[in-house]
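Chain order of the listed sequences is A and B.
Numbering-wise, the first sequence is residues 4 to 632 according to this note's numbering.
Numbering-wise, the second sequence is residues 3 to 95 according to this note's numbering.
Listed below are the simulated DSS-like cross-link pairs for lysine-lysine, each with C-alpha atoms no more than 25 Å apart in a straight line:
#1 B/Lys85 to A/Lys211
#2 B/Lys36 to A/Lys445
#3 A/Lys375 to B/Lys36
#4 A/Lys445 to A/Lys375
#5 A/Lys211 to B/Lys36
#6 A/Lys607 to A/Lys445
#7 A/Lys211 to A/Lys168
#8 A/Lys105 to A/Lys168
#9 B/Lys36 to A/Lys440
Label-pair restraints from in silico Cβ distances:
#10 B/Gly71 to A/Ser474: 35 to 45 Å
#11 A/Ala78 to B/Val28: 46 to 56 Å
#12 A/Leu107 to B/Gly31: 33 to 43 Å
#13 B/Arg52 to A/His226: 11 to 21 Å
#14 B/Lys36 to A/His222: 24 to 34 Å
Covered by chain A, according to a simulated footprint, are these stretches of chain B (three or more residues, beta-carbon under 8 Å):
#15 34 to 40
#16 43 to 49
#17 59 to 65
#18 69 to 82
Treat the hints as calculated values from the structure; they're not laboratory data.
Because the structure is a prediction, the values reported are computed rather than measured.
Where is the CB? At the ideal position from N, CA and C, for every residue including glycine.
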Amino acid sequence: MSDCASCHDCGATPVLEIPSSDAASTRPVALVGPPNSGKTTLFNRLTGMRQKVANFPGVTVEQHTGIAELADGRAVPIIDLPGLYSLSPRSEDEQVAHDVLKGLRPDTPKPEAILLVLDSTNLSRHLMLAAPILALGVPTLIILNMADDLRNRGGRVDVEALAAKLGAPVALVSARQGEGIEQVFDFLAGAMAKPLARELPVLQDVPKCREWAGRVGSHARYHAPAPPKWTHRLDRVFLHPVAGPLVFLAVVVAVFQTIFTAAVPLMDGVRRLFEITGRWLTAALPDSLFRSLLVDGVWTGVGSVLVFLPQVLLLFLFIGILEDSGYLARAALIADRTMARAGLQGKSFIPLLSAYACAVPAILATRTIENKRDRFATILIAPFMTCSARLPVYTLVIAAFIPEHQMLGVLSTRAVALLGLYALGFVAAVATAKALKSSILKSGRTQFLLEMPSYRWPTWQSLGLRLLDRSKIFLWRAGTVILLVTVVLWTLAHLPLQGGHAPAIADSLAGRAGRLIEPFIKPLGFNWKIGIGLVTSLAARETIIGTLGAIYGMDPASHGVALQKAIQHDLTPGGALALLVFFAFAMQCISTIAVVRRETGGWKWPALQFAYMGALAWVGAFLAKSLIA
Amino acid sequence: MLQLNGNNDLIGDATLMDLRRGDAAVLQGIDLPKDEARRLMEVGFLPGARITAGLSAPGGDPRVFRVDGSEIALRRDTARRLKVRLERTPGTR
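Sequences and hints are given; from them, build the entire structure.
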């Protein structure tokens, strides 16, 4: 196998794969192509809803698998490999793709066949990838994608001549329009012969490969299309020295509006739905500990995750539109210089913006950053951005301690305090990014190479599948963890039983935990009640409000003024400020920890992040309290 | 066909940084470690390739370059490592 990959003229005689029906049916067909070749669109077209996304074990590369159903009812597993420019791996993504193609990964069987997706509007360059792929000696269909663009812009290619020259079948398709897709299904259904690879170039030599690709292209009478007129027109606006930044700003404002205005009624709706169904459950079930576990533990836990779903979906819709349309690359270009000051790069911008809603989707959105160090740095600072779960906490404490009056005529003191907390998180993020990028995540001179794809209309199918896929990860990762944590916290708050009933929260295990950590938080001005809140807020930051409500024996739904009064009683102004600072810095969110673990492929980074943010929160809160006292 | 007339049209020791929007140049060499140079070559920055400078982010960094049918944005730090021979056609900006 490996010999075959390195020699150039093997497979000169067609060797038919022995159709060992049973074994062959489990081996996947790999989808391979350079970035921006429309590979994912084709994958969606072939597999539709029958997709699964997971991580390759041990690495941070996402594994997209799906099932293509053939006309005769057979199901072919398809694996969508990360985009690659060549088969000489340098990034982790490329390494995984390389290993899968060569059958070197123990978790993935060597592909039975390859679908090589190339952009037909940029064929001469994209054909370079055909050389190493064909040299693998695996049955390959070469798919020239974006046939509609090629035609519309006056380009041409002789498919038969190209197939003859490459010794492998070639299909001209448009994955977006569905044009020519039947050829791909025919290939998957038919006998797949090994390529008759002839005169392939020396694979390590890029100029020779390019020369070869050019020769093959001209043999196939490839006529490159005219430059994309609309892309150039749009870029003259979107990258205009004045209009460009204005459009960029408009996009940022639109994202913010969506997160904080459009999503709010939806989130309230979800919250109310869970309150009503919770009450309904309470009424329907007999009074027991089991009911309490089900309603206060499980149901509330599920609700506390689902409440963020509208916001997360809207965010992913936004990111999807930006990415699929091609604007994301322009936004990254515009933001690059500013982000570079913090040691990051342009592609970090949108994920960090998303983190103002929730760190979980933000961390999932860092997938667009190819540079691993930049990606990790972005992941590590994202939880500093003021997420929406912090807002209820900020609002409560600010309302309890900061008297409302006007400053300079327009700004209220409370608004200023809130803005100050946003700024605090932002400053911490920038400082941390700088520290990381000049120490453990130092990447010397990061090579920033950003391909500007042509603008395209996003398709509903692609947007829909993306939303489905991302929300599945969000619900699964955040949901299972939160569910577990809420059940554990419920147990802590309801044990040990006293005469068959749950104890007062002060006497429960959670109360004991609060007392246990009291010595650590006393210097910050927090008593054990706040301590319990800090423990329970690990499930989601806003949980502290419900917990404090329970401790003070108040219905959290009507917390408003009464809860403010209770907090005023227990916290000094210094302690209140310390609490705000603590929440601005601490990584009080198990879902985020779980997602960081998934995305960084281990416990090392989330542990470091939790410890660092916790230490910063403690020191910051201590300083804040000392400042007031 | 490109006509080279006069010395000003052929400037040695220039880098991609010296290109203003609309300027074209032929790549002579890449002064970067092998791995980084290879990635650039894979996206089209091959010696002998014709590169046109395109639009840029505000402030001129990073800048988009048109090369081998693609548009690739490079930071100033990278662009200055790409040695080119300028073809400054008069009247083009």
